[in-house]
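*Asks:* Using the hints provided, position chain G relative to the given structure of chain U.
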Amino acid sequence: MSQRPHIVVVAWGFPPFRGSGVYRPLAMVNQLASLGARVTVVTATREPFLVHYGADPDLENLVDPSVRIERVPFFPDLSWPLVGDWSATRAYRGKRWRERHAADGTDLFPEAGFSSWLPRLTARLRALADEGSIDGILATGNPYVDLQAAVVVAGERGIPVWLDDRDLFLADRFTGEPDVDYTARLPYFERWLQTTQEFWFVNRPIAQWHRDRFPTSADRLVVVENGWDATAVNPELIEPRPAGRPLTFGYVGVLSPLFPLSEVLGAWREAVPRLPAGSRLVFCGALGWSVNSGSGKRFLRALRSAPNVEYRGHVPRTQLSSVYAELDVLLLARAGGNLVTGSKTYEYAATGLPIVAQVPADSDTVQVLAGYPRLHVAQDLQAGADHFVAAADDRRNDNGTRLAQAQKVGAALSRQQLLRPHLVRLIAACTK
Amino acid sequence: MIIIVGSERAKTIPELKALASPVRFIKVPRPPKAHEPLVLRGRLADQLNQVAGTFAAVPDAPWWRRAYQRVTDAADSSHSSLVVVADPGAKPFAWELARRRPELPVIWGQSQAAAILGLLEERHCPVTVAGIRALLDPQRPAPLPTPDLLDPDERRPRIVVLTEADLEAQARPLRIAASLAHDGYEAVVVGYSPSALPFGDSFPVREAMAVRLVGSIEHQRRGSAPRRSPLWVGYADDNQIAHAWHELEAMDQGRTSSGSALRRRTTLFRTWLHERASGPQPDSQRVDRVLDALRSFGTFLMSVPPDVLHADGPVMLEAAVVIRNRWTKLGKDIPVVYDTGHPWDGSTTPDRERLLLRSVNAVMTGSVSEAVRVSASWSRQLDPVVIADAPDERMTATNRDVRVDCGLDSQVPILAMAHPPETKAEVRTVLAALERLKTAHLVVVTSTATSADRIESAARRNGVWNRVHVVRPPQAGTVASYLSSADVGVLPLLTGHDEVSVDFREYVVAGLPLLSGDAGTMADIIVAEGIGETASGSDDASVVQAIRRLLADRDRYRAAMTPQLRDRFSWTAQSPHLRRMYQSVLPSPGNVSPRGRDRVLIGPANYAGQGFAWAQALRARGVDALSLEHRQEGNPFAYHADVVMDADLASDPEVRARTAAELVAPAAGVVIEAGLPLAAMEGTEPDRTTAAFREAAGLVRAGRRVAMLFHGSELRRPDLHVRTHPWSPFGAGEHRDLTVNLQSRTERVHAGLAAWLGPVLVTTPDLVAYAPGSTWIPLTIDLERFEFGSDRPIRDRPTVVHLPSRSALKGSRWIDPVLQRLAAEGVVNYERIQRVPNREVPGILRRADIVVDQMGMGILGVAALEAMACGTTLVSDFGDEAEGAYGEPIPAIRSTPDDLEQQLRRVAAEPEMRHELRRDARDFVERHHNGDRSVVVLRESLGL
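As given, the protein sequences belong to chains U and G, one line each in that order.
Each residue of the first sequence is one higher than the one before, starting from 1 at the first, in the numbering used here.
Each residue of the second sequence is one higher than the one before, starting from 433 at the first, in the numbering used here.
Next up, chain G with everything else stripped away, as it sits in the complex:
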């Protein structure tokens, strides 16, 4: 199908009409002038919040989303589609589309498209992006969907774990990703965001990164009546859905659809009747879930190319296969690994699963029984690998504690159940024992209201409700740590299991003595290792006795839980299997890549090129470091940075997630500049500071060393500056808007700092007063670029340069008139320079005799130090703090607007004095700003 997109109605040219494919026009929007996120306020927001329950804000759908859906739905309905861009207004939309669906050919211009299609047809070539590229210019290198952040040799194979699970509660995907990241892969977990933040969020999980994207409204409301997508309407039973699936697959592989329109219509009608008769089928929900995953994650997975797709559960497997097929079209082969999920959750059917398993490269299960089930239902010979759900001791830290949650002191014995009892009989047995124990309390961890209700009513009947606590589960993966202050871990008493359960593993890792029934594998282990007691569940007295024995001799049981035993039942025993399985799918480049593991990442402000300067200083002293800059288009200064990202592009959620995975996750130390997030998703403009602090906190939780660094304006509160600086630019009311903006920005920074416990670095000494406890990190000057001009003549009529980065903040309103006057009198030559690229600055400074840096701020900034490094005489208003911080006089002329003219006349008249100052100034910068001190500060604050 030829889909013509245009921002206005366009006539289809006859050449296109003449081709065999059907043509359809879809009107698409132009981008909004400025990015204005939709935040609803007032009554409408209240109403929506009521309707949607937890909604804090309405998801801010990107401007292209709706049309994107229409175009892609239309494109997916035909086995071979091409999008033609009819007018320039539609170019931005087309680009957003092409970037997210890189396998879909999007062509600019109707006549070009007609010619290209004609040529492809003539040569019997399929209409694919690769085909068109080969047709027009086979030697043109194929670009990556998004710009590379790292050198190709630095990149590690990327495994994307797709999951439907709530990452707050289900630790398995996180554990797998963290483990793979530790083995040298780049691992990203992609799941649903629990909230409706505009773009979702991301957080590091040890070396891996979890990205949570906003699902559809349907996803948020799942559980109520599922809504079906038009594409899938018409398939009710398994065969029909399998058929539909085949069709979708065929489409993705470029084969012709096998079903005729008539047959589809018949099916549709039959389905409708079927639904009328029997209500919605469970499978329709599954199909909705697959589509939801494709819509929510599909864009991300096409812009952040995976090397392996790891599907958690059958629904995600379906999504993974579709994504894999899209990439196949682009010539990239992506293996799919299937984790069947644990336990069997019924979200697929055996037939369906069998069908899907054909496209899978490796299978893992959570238990042996599940592995047996999968291999039995599977015709192909491929052994599922069993990776049990075991707690990872490196991930268990939590600040929640079961005793604190229940308000129980350390004397009260606690029996813990990591999951609620499975049967009524089990509940009865446990509660009967509790009744006879008198002092012990029972804690049941559950997230479902029904099991909580069941326990409550039973406990009330037994009269022990005052000693029963039902608690919600702690954060995923932290159950063992959470329960470690309990006394006994209770396993099923009535049923014997062949396999070691998750609870068993959690208790062992938590160091809890165990109580279980007397049958099954776990009972055998308990007896053999002496780590607990077994009892006959049908005999209440035996259970009570077992508990008494456990409580009486806790230490003995705990002592039996040796580190070896804990290793056996923790993730430590599982990760080698996972590693081995993945090595067969996609070998990792080595256990740990040499670069990246102890890297320091500095960004994203790079004001005055300092982020890069520090990264370079660190590298020069053997510390791996990388600077990142989010650069606004049109930024005139063009400072160096290791990675420069277009700020517009960097705010894109996919690029954020990619930055998180490629740059942030692998870093051991992170310096967050200016209260701006490196990769955290952010919604609206004022959220950026919040996002930065949220990002910092998340990184600290994930074991990174994080420092918050401030350059000046974002920390220096205007209202406070005015009090101490009589010439402050914020006082006179002349820069009203600037002052108001900076006031609110600094207030947000200070609010964030109030809750920030980590190190704070500031670039000029005066800032220490604004952030008590902060450390001054001296600015670093590139002494080679700003070389000392020793051979310069000392001129009688000196050239004075003033080159403010922002004239409002640098007091140009006082400087300009004085210098213009002096120039008119012939005392000096005056050069006023603004917005020049940084590469030109050394040249400017070298031809200057005197630089007037700023008046009113009271700082010794980068431009001043660069001037001094070149041996240019500096006239500036550096404050007392600067004078004090160095412990020596600053070899420059200190001046204020009051005496600026007088000082300049003096300096101009005394060339000898200037000559004497030159070498001193250079030595001063070499002493204090060569990077040595900055690196010491960075090392100390990051604990390197």
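Looking at chain U on its own, in the form it has when it is part of the complex:
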């Protein structure tokens, strides 16, 4: 066995893809390389991202140059742009066509839209295995075809495989309800559990959800938290002391329908008179549903009617650092169901700023921030207002030491730090 193990990472979402799911695979790949592994990434061709899903070609520059990238042709059939290749029904009765074809290929693998990629992906993995020794495969989903292809080829060739689940295959991440395809998906999942060395999940609730259902495999279910990326937040930009100016409270992240808007605004209204004059609350993030829908409009109207509140909309990742630098107190609120831990939690911690959290005390968010010194957890309206005030004082009365302390705690929550032990373990297992 060579000193530098050859590890194949299967990740559909890889640069230039600019979706949020790209950062974890990117970090995994780069860190595996920096830990001394020979890394080959198997991903989709660039074109679907450039043409359809949205791409940021700059992200490609972040990939470690030693990494070999294998691209497998992919284009979503539901978005195929050449009209000449369509059927009459697709052109004339688009809705009916989509209804009829939404589940195409799911007999191959129960993941609509991606299942047709599975044979190509599997074939490429086999070809790679034929080419030379692969010491380990790390597959990250969604899409879950990544996992399935890896398991199939790993099983055939006796290669150890690690599976990484950034979402939830069997249930809805937001509601925890079993997926509509639960019965079709379960046999695949059970096979994965049997085959994989470890199954990685992004937070404790999801891992627990699986441990409850698959107790015999509980020892292989591992939490590999997301952490924050240096591309999104730069702690050095945070001003140590707000020199006597009004404070800016900020919420960064997607505003989903689950966002407790009335509670937050209620607490804010209560708090405003007690805060330094001119203090503002800024919401930065896209709406998780259509702006033009009724609830979207109501949401925005409510935001605009509140005092000293500003809605900024989506902030591109490249500008996030400067947004954080502008803020004095961060507002953390429940973004999804119990199974969701917002990636912002880690970024917030990285800043070292005071955090007002309107989340249940038993939520994973609170657990993630357990050691963070500047957390103000509010659970009801009155307490919420108090915590706004407390957090404001925390910020104003700091001479920079509290900031440094908090940033030190936050630094341990970076993606690099959180990933590292797991990747080291993986490499060790591959270097027998």
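No lab work stands behind these hints: they were computed from the structure.
A portion of the hints provided could be inaccurate.
Here are the computed lysine-lysine pairs in the DSBU-like style, where the Cα-Cα straight-line distance is at most 35 Å [as the list claims (entries may be wrong)]:
#  : chain 1 : residue 1 : chain 2 : residue 2
1  : G       : 459       : G       : 443
2  : G       : 449       : G       : 856
3  : G       : 761       : G       : 459
4  : U       : 95        : G       : 449
5  : U       : 95        : G       : 764
6  : G       : 449       : G       : 459
7  : U       : 297       : U       : 95
8  : U       : 297       : G       : 459
9  : G       : 870       : U       : 95
10 : U       : 297       : G       : 449
11 : G       : 764       : U       : 297
12 : G       : 459       : U       : 95
13 : G       : 443       : G       : 761
14 : G       : 856       : U       : 95
15 : G       : 856       : G       : 870
16 : G       : 764       : G       : 449
17 : G       : 764       : G       : 459
Just some of the chain U residues that point at chain G, by a computed CB distance under 7 Å [as the list claims (entries may be wrong)]:
#  : residue
18 : 51
19 : 54
20 : 83
21 : 88
We put the beta carbon where it would ideally sit given N, CA and C, even for glycine.
*Replies:* Chain G alone, transformed into the frame defined by chain U:
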């Protein structure tokens, strides 16, 4: 050029604007809600008919046509074009466009298009469909322009013969196609429809298929002042047109146009001056003719991909080259074969022809002299193959006869001229001879009024007009048969020809003794073979003597025309040359493909899956058969068929033509179901029955064996049904609309049947009374799918199922209340089922104890027989005809609405009786409906 199409005005996104190509927006229509063909009535129609002469109906242009023309004209004006679809409303138009111009990239979504163009530009790739496909997903299989009708290994290479000729009068394209089809190719002749039927028509020519498409109005009016297309305005002399041609070619090959806009404008102005000075040039007409062909046939030729293009004449050659270039862009290489036409018709110029000949793979001519002319003008070394215009004996049958047309009895000697005399002197010589012969009549076949006038005035001067008959030509290819009852065939008397003429061949095949001048090749043959007389044309007496000799000893001359001699001058001698030439262009897959030649095609209704069942029964007994179904989208039953076509798509003229060529033409036996056309072009809805009968007649003429088959509703006239069936659904006035619809549909069917002489098949015995002379073809039940449930318990409280295909016709209004009542009382369990896919029916029948099929119709239909096959007790109102037809009692419970409740109570109460009926019912279906009898009927009626 980037052409953005939208159903509403769309803003061009900045990413598209930023690209180097010019952007143009064209508004396009949405499809009409329902297909409403335009038929003008009343005063406007009268006026239009007056203007247009023969117009019976105004051509119904498809909704997309006008915008299609605008978009394609715009696309063709640039060497590289891309169409972007801006909004969902424009998707149907875009699809129609893309389907007809598959080489033109049509992209959904502005941002996707911008990204794709950006990527192609970055990689220096040309903007082509193949390029985009390779860019986005190189592994995605390229779809065919229209869905495949046949397995690829069943498909034969397709030769498309393009012709401008009137197929009623010019037999050469038909003969060539028929001959090639016989040699194992799929041959389609594409020409102009003489009428303005909405979509043209198609008819089989032996194993080939002729498709006639509607030309432009300009085409219809050709002869008057030609109108020019904007694309071609500006080119008057040959060089300029050649230049324009180059440009068009360059465009099609993706090269940059060589002419600058300024130069084009200059040419335009010069042309205008030139035209002012000299009137329209003949060549402008030629260019119009090429464009007309492209517009009329281009769509068809892009949706029905040819493997070889056979161009009849120089105009069609130009069109063929453009089509070929379009296909080249799609990566398909199509050889072009050029038939120079015969004789030289002056529709091109030597220079032009020389230019075009560069892109031709093989050349054929009608005569040696023409071959010499072509090879002399042609720099490349490639020998033209001479395929003479000879009559094909297998195609000559006609019901017209020259004697009947002229009203002459068999005693009157007839001198026949298959073409009018070429010169005045010739006319004089013939008429002078006629004058001295006293009893003989002269028949001249001509289609032109001028030659008819010339003969008439000369004959009046000579005083023989009462013995001269000018007749219009019979249908193409049938001249020999038409003239065969004449006595002498007259060839040119004054001029000697080096070559054997078409007339000579026609006379020999017709068996007519020949008269010719005494010089030239034909005179030599006549003398050598003893098949006629020669005379010196300048000596009237010698001509008269020759005719007298011919008339006196007709039998001797006829006897000299041996079969060998006839073969020598008929198509039999030509077809090997044609075959050999085509083998060098595109080898045929073998002389005759094993499948298809004696195939039976059944379609397009496939009601209750019966078309498929019969096809399967035939196949099981060694007869090749295929079932075709035109299926409406949303049809819930989903019966099996060998070929299922979307009914909407099937009404598309191109798909019709393709069906005709691929499925109908190769079939030897055809069963046309329900009075619906398989592939005949149809205009408006009521025309469908007419189209079906027209199709049947055309198929019979082309030697196919055709049976008309009726399933029931389309033949069973409601007004007659009411008289014999007291519970008829058509009586009570409850199903008024249905009754009215069926009444008019059945009346059309009966009108068609009145003129139909071939076999008629009906699926239930009661229908025989509606079509006297028809034969009952028993329904065929798939005994494996509907297997006998021998292990079923006999339940005290039986489950009763009623599953009508159409509840109005099945008397559900009587059945439902009775069964609901019985279910409420706990006598039975009632399951009412409707519109389930056929694959679920066996399961339903197996869990049922009793099936109530129908009340009021008096038939034993498919559902009833399927129930019996499963061993389910059947309660139904099968009529006396059914009881009589089987010659044995039907093992089921016969009931009417009167006694339905009583019968059901009895059946429910007597499980033993049900048990006894089960095996009998199964045996009954196995005996009568296993397909044996159906196959016998099909074989007998189709003469297999």
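*Asks:* So, for every hint listed, does it hold in this structure?
*Replies:* Against the structure, the hints come out as follows:
1. A threshold of 35 Å between alpha carbons decides the hint, and for residue 459(G) with residue 443(G) the separation of about 12 Å falls inside it, so the pair holds.
2. Of the pairs offered as hints, the one joining residue 449(G) and residue 856(G) is violated, with about 70 Å between alpha carbons and a cut-off of 35 Å exceeded.
3. Pair hint residue 761(G) plus residue 459(G) holds up; C-alpha atoms about 27 Å apart against a cutoff of 35 Å.
4. Distance check on the hinted pair: residue 95(U) and residue 449(G) sit about 30 Å apart at the alpha-carbon level, within 35 Å; holds.
5. Distance restraint check for residue 95(U) and residue 764(G): the Cα-Cα separation of roughly 33 Å lies within the 35 Å cut-off, and the hinted pair is therefore satisfied.
6. About 18 Å separates the Cα atoms of residue 449(G) and residue 459(G), which keeps this hinted pair within 35 Å; it holds.
7. Distance restraint check for residue 297(U) and residue 95(U): the Cα-Cα separation of roughly 26 Å lies within the 35 Å cut-off, and the hinted pair is therefore satisfied.
8. A threshold of 35 Å between alpha carbons decides the hint, and for residue 297(U) with residue 459(G) the separation of about 33 Å falls inside it, so the pair holds.
9. Proximity of residue 870(G) to residue 95(U) is assessed by CA-CA distance (about 82 Å); at most 35 Å being required, the pair is judged violated.
10. In summary, the hint linking residue 297(U) to residue 449(G) is supported, as the alpha carbons are separated by about 33 Å, within the 35 Å threshold.
11. For the proposed pair residue 764(G) and residue 297(U), the alpha carbon gap of about 54 Å is over 35 Å, so the pair is violated.
12. Distance check on the hinted pair: residue 459(G) and residue 95(U) sit about 23 Å apart at the alpha-carbon level, within 35 Å; holds.
13. For the hint pairing residue 443(G) with residue 761(G), the CA-to-CA distance comes to about 31 Å; that is within 35 Å, so the pair holds.
14. A distance of roughly 73 Å separates the Cα atoms of residue 856(G) and residue 95(U); the hinted pair therefore is violated under the 35 Å criterion.
15. Under the criterion of a C-alpha separation no larger than 35 Å, the hint pairing residue 856(G) with residue 870(G) is consistent with the structure, at around 22 Å.
16. Under the criterion of a C-alpha separation no larger than 35 Å, the hint pairing residue 764(G) with residue 449(G) is consistent with the structure, at around 33 Å.
17. Between residue 764(G) and residue 459(G) the CA atoms are separated by roughly 32 Å; this keeps the pair inside 35 Å, and the hint holds.
18. For residue 51(U), the interface hint holds, the least distance from its beta-carbon to any beta-carbon of chain G being 4 Å, beneath 7 Å.
19. Annotation: residue 54(U) was flagged as interfacial toward chain G, and the flag is violated, the nearest CB pair being 10 Å apart, outside 7 Å.
20. A cut of 7 Å between beta carbons decides the hint on residue 83(U): the least distance to chain G is about 4 Å, and the hint holds.
21. Against a cut-off of 7 Å between C-beta atoms, the interface hint on residue 88(U) holds, since the closest Cβ of chain G lies about 6 Å away.
The earlier numbered hints that this structure contradicts are 2, 9, 11, 14, 19.
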